[in-house]
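**Student:** Using the sequences provided together with the hints, build the complete structure.
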Amino acid sequence: MPNEKTYYSLEADQHLVCHKCGVHLIKGNAVFEYLDNAFPVELPICPQCGFIYVPEELAMGRVLSVEKVLEDK
Amino acid sequence: MSVRLYPAESVCPVCLKKIKTAITVGNDGFIHMEKACPKHGFFDTLIWEGDVISYLSWGDEDVEGNAPKTAIPAEKGCPHDCGLCTSHQSEGCCVLLELTKRCNLNCPVCFASAGNGTDLPLDEIVRQYDWLMAHGGPYNIQLSGGEPTMRDDLDEIIRLGRERGFTYFQLNTNGLRIAEEENYASRLKEMGVSCVFLQFDGCRDEIYTALRGKELFETKCQAIDACAKADLPVVLVPVIAPDINEDDIGEIIQFALQRHPHVRGVHFQPLSYFGRCEVPARELAEKCCESAQTQWRITIPRMLKKIEEQTNGLLKAYDFHGGGAESPYCSFHAAVRVQSDGSLKILKKRSRSCCCPQPSSEAMNFVSQQWGNEDPDFPETESDVSSLDLFLKQAINDTFTISGMLFQDAWNLDLKRLRRCYICEADSERGMVPFCAYNLTDTNGKALYRK
Numbered sequence: 161m162p163n164e165k166t167y168y169s170l171e172a173d174q175h176l177v178c179h180k181c182g183v184h185l186i187k188g189n190a191v192f193e194y195l196d197n198a199f200p201v202e203l204p205i206c207p208q209c210g211f212i213y214v215p216e217e218l219a220m221g222r223v224l225s226v227e228k229v230l231e232d233k
Numbered sequence: 169m170s171v172r173l174y175p176a177e178s179v180c181p182v183c184l185k186k187i188k189t190a191i192t193v194g195n196d197g198f199i200h201m202e203k204a205c206p207k208h209g210f211f212d213t214l215i216w217e218g219d220v221i222s223y224l225s226w227g228d229e230d231v232e233g234n235a236p237k238t239a240i241p242a243e244k245g246c247p248h249d250c251g252l253c254t255s256h257q258s259e260g261c262c263v264l265l266e267l268t269k270r271c272n273l274n275c276p277v278c279f280a281s282a283g284n285g286t287d288l289p290l291d292e293i294v295r296q297y298d299w300l301m302a303h304g305g306p307y308n309i310q311l312s313g314g315e316p317t318m319r320d321d322l323d324e325i326i327r328l329g330r331e332r333g334f335t336y337f338q339l340n341t342n343g344l345r346i347a348e349e350e351n352y353a354s355r356l357k358e359m360g361v362s363c364v365f366l367q368f369d370g371c372r373d374e375i376y377t378a379l380r381g382k383e384l385f386e387t388k389c390q391a392i393d394a395c396a397k398a399d400l401p402v403v404l405v406p407v408i409a410p411d412i413n414e415d416d417i418g419e420i421i422q423f424a425l426q427r428h429p430h431v432r433g434v435h436f437q438p439l440s441y442f443g444r445c446e447v448p449a450r451e452l453a454e455k456c457c458e459s460a461q462t463q464w465r466i467t468i469p470r471m472l473k474k475i476e477e478q479t480n481g482l483l484k485a486y487d488f489h490g491g492g493a494e495s496p497y498c499s500f501h502a503a504v505r506v507q508s509d510g511s512l513k514i515l516k517k518r519s520r521s522c523c524c525p526q527p528s529s530e531a532m533n534f535v536s537q538q539w540g541n542e543d544p545d546f547p548e549t550e551s552d553v554s555s556l557d558l559f560l561k562q563a564i565n566d567t568f569t570i571s572g573m574l575f576q577d578a579w580n581l582d583l584k585r586l587r588r589c590y591i592c593e594a595d596s597e598r599g600m601v602p603f604c605a606y607n608l609t610d611t612n613g614k615a616l617y618r619k
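The listed protein sequences derive, respectively, from chains A and B.
Take the numbering used here: the last position of the first sequence gets the number 233, and nothing is skipped along the way.
Take the numbering used here: the last position of the second sequence gets the number 619, and nothing is skipped along the way.
Simulated from the structure, these hints should not be mistaken for laboratory data.
Note that the Cβ used here is the ideal one computed from N, Cα and C, for glycine as well.
Errors might be hidden in some of the hints.
[As the list claims (entries may be wrong)] Here are the simulated distance ranges between beta carbons:
#1 Tyr194/A x Glu292/B: 48 to 54 angstroms
#2 Tyr213/A x Ser529/B: 25 to 31 angstroms
#3 Tyr194/A x Pro547/B: 20 to 26 angstroms
#4 Gln390/B x Tyr194/A: 41 to 47 angstroms
#5 His179/A x Glu331/B: 44 to 50 angstroms
#6 Pro429/B x Glu227/A: 19 to 25 angstroms
**Tutor:** Structure below.
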């Protein structure tokens, strides 16, 4: 079995739980910073350790597109 | 003596039968297509005004395309099975609906049937929409003709398309009605036209007299202003003809840049010899007649050289690259970002990181976002991501494209290129027919598919 790191878990009622702290993630303000640009975004955050959950569709969608624009790809 | 590079497939310009063909390096050092018909003789056509290294490197990233989602069996062989057939290597991206054969111009260089013709009936348009949706749709729709604005039911045509799932409607127009009829541009916007693909051959009336039969520059400016007022994106589409407007390319680009962002880009179409475009056929056909070839043929390197010379180096030939979804030898493309201080930044070529062709869907999205100014289609999210959305919208708005497509005719038709064609004509009998097959005519002007 590959040794996969898990940072969060998903409860049956779709609540995200921080794997390290064992508490529910709550919506909070995060900032993406890349190549001198900052993008304030609202995301699920662990209130104790500050772990930020970035949904896959956001990472592979908007964030990837912004990255391509900034890198002129 | 020419030097043979590799074998290719083409047709005889006289009988359109498939004949033995080779890509060669000619005595002039440029790339040619040489072919021989047992009945009609030998044909030598200039296809690349550059050396062999520049020719081969332009196609560096060329790979096999992706097959259409549905296809008819290939029986007679290209280009005689178009519809699309199992030999085709593109899913399709843009589809032209020829809504009418009527036109308010009678251009000497038109490929389409135009004049006092008939309209495509609404029920036939619906059948074409339904066929397209059942065969891989939705595609980006090009409302074409004739002159599509001769019809008074464009709103109904777009509504019927939207009902069936099509979202991008490009209006291929000469702009006369937009210029002359008050509020027509606003009505087009309300109808759901995504982008006006405006025939625009230069900033001098002499050009329009030669190519369109009358002085039109002022009319074109009025059409562009009307579209800007209506917030309707415009792409300028110049036909470039030898000895007529080859030296106007830089001025066209500057004219368009001054009207960015409502002018989204320039899309050049160097003259091809099909349809109503009268060919200096004998001159083109004569072997060893290199002066005639150079006089009448505009190839990709020649276009890029002219762009570099006439924009005073603002755009360099190496800023351009070939198409990804279609054959790279069919098109050229560059993009610039107009920065907040008005200066331009060349956007580098997006290199493909794997051996896959750019899918047609990516080309479709590019067209609708870049020319139609449409927002990117991302999934809904519960979180507030407006900063990312705003940035992306601004980035699309700030981008200006300079591109061109070299349509093929019976002289330079390369069946490998044709199989990668992603711009199709909707045909009530055959479905989707690649543009350059649909408009292919022999030396007597007889069409292979167009009726």
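**Student:** Look at each hint and say if it fits the structure.
**Tutor:** Tested hints:
no., hint, in the structure
1, Tyr194/A x Glu292/B: 48 to 54 angstroms, "holds (51 angstroms)"
2, Tyr213/A x Ser529/B: 25 to 31 angstroms, "holds (29 angstroms)"
3, Tyr194/A x Pro547/B: 20 to 26 angstroms, "holds (21 angstroms)"
4, Gln390/B x Tyr194/A: 41 to 47 angstroms, "holds (44 angstroms)"
5, His179/A x Glu331/B: 44 to 50 angstroms, "holds (48 angstroms)"
6, Pro429/B x Glu227/A: 19 to 25 angstroms, "holds (23 angstroms)"
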